[in-house]
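Asker: Could you put the whole structure together from the sequences, leaning on the hints where they help?
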Amino acid sequence: MSETTSRFPPGWDEERVRHVIEHYEGQSDDELAAEIETAFEDRSQTVMVIPNDLVPAVRALLSESSGPTPASPTP
521 MSETTSRFPP GWDEERVRHV IEHYEGQSDD ELAAEIETAF EDRSQTVMVI PNDLVPAVRA
581 LLSESSGPTP ASPTP
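So in the working numbering, spot 17 of the sequence shown is number 537, and the numbers just go up one at a time.
Treat the hints as calculated values from the structure; they're not laboratory data. Misleading hints may appear alongside valid ones.
[Said to hold, decoys possible] Across the chosen pairs, the derived CB separations fall in these ranges: (1) 581 <-> 532: 15 to 25 Å; (2) 581 <-> 546: 30 to 40 Å; (3) 581 <-> 550: 29 to 39 Å.
C-beta atoms are modelled at their ideal positions from N, C-alpha and C, and glycine is treated no differently.
Answerer: Below, the structure written as structure tokens:
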């Protein structure tokens, strides 16, 4: 792969991906459950179930948004 082509979304690199993987692989079941529960309680975001056939359309809408991308949490 050339230097100008990245396998990662903008702002992400191999180091950041490894950091995220280490974070989740290092969590206990209780820590994981607490993180999931906290995400559902966050009033600044919405969690919803989307039928699989609509996921591409939702992703397209999100990519057009000027807001933060779904893959942009800071590790």
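Asker: State for each hint whether it applies.
Answerer: We went through each hint and held it up to the structure:
1. The given range of 15 to 25 Å is respected by residue 581 and residue 532, whose C-beta atoms sit roughly 21 Å from each other.
2. Between residue 581 and residue 546 the Cβ separation comes to about 34 Å, which falls inside the hinted range of 30 to 40 Å.
3. Taking 29 to 39 Å as the suggested C-beta distance range, the pair residue 581 and residue 550 conforms, at roughly 35 Å.
In terms of the numbered hints stated before, the structure departs from none.
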